[in-house]
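A.B. asks: Construct the entire structure; sequences and hints are all you get.
Respectively, the protein sequence lines represent chains D and L.
Start counting the first sequence at 201; every next residue gets the next number (the working numbering).
Start counting the second sequence at 7; every next residue gets the next number (the working numbering).
In case anyone wonders, no lab produced these hints; they're calculated from the structure.
Every clue listed holds true.
Distance condition first, Cα-Cα at most 30 Å in a straight line; then the derived BS3-like pairs of lysine-lysine:
#1 263/D to 304/D
#2 63/L to 304/D
#3 21/L to 304/D
#4 268/D to 257/D
#5 257/D to 269/D
#6 304/D to 242/D
#7 17/L to 304/D
#8 242/D to 63/L
#9 63/L to 269/D
#10 269/D to 259/D
#11 242/D to 21/L
#12 242/D to 23/L
#13 263/D to 242/D
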Amino acid sequence: EDQVTQSPEALRLQEGESSSLNCSYTVSGLRGLFWYRQDPGKGPEFLFTLYSAGEEKEKERLKATLTKKESFLHITAPKPEDSATYLCAYMYSGGGADGLTFGKGTHLIIQP
Amino acid sequence: GAGVSQSPSNKVTEKGKDVELRCDPISGHTALYWYRQSLGQGLEFLIYFQGNSAPDKSGLPSDRFSAERTGGSVSTLTIQRTQQEDSAVYLCASSLVALYGYTFGSGTRLTVV
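C.D. replies: Encoded structure:
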């Protein structure tokens, strides 16, 4: 059973059409919830870490929020250059070795 | 260096051969991680090094996989007797404080034929 689930698997938006990506997790003892962006042929690029429910962080057109069981990545008025796969991951107490458990990602396409 | 460097960027090998993948982390980062990304799958944790401590090998899928980190810097991931299911992108990351996020390299795409 997946401990972190991202939805949707893929999302196609028109330029300027705002939306949200979801990351649901089932573990307790969360130490951090991470969002990464991955472009084709490249490694993931760090975006945010959220540490506790109610926390929000923003970067350009992206805003990440966290509740006790899920995180959302809100994309406001996206541009084609926002097209990428967005990955969430968590680190939890007892997870060992500061390792991250990743979801399978949401593949986002922004059409001009 | 300015980022995490991995080499080679692509590797094609015959089934049964051994391969070595190299990772050069960001200078000063004490933690180093190896992950594997297969088509359609999430990133899979393989192994973790922190300073001079014994590595956490809990994610290695079989005893054909091993890794070492020399002098607290460069790391080499070795896969012996490669199998077709080993084909994937192998990603290395480093961090100073894990909770602040890792920095990943661009990966090595391994194809076993």
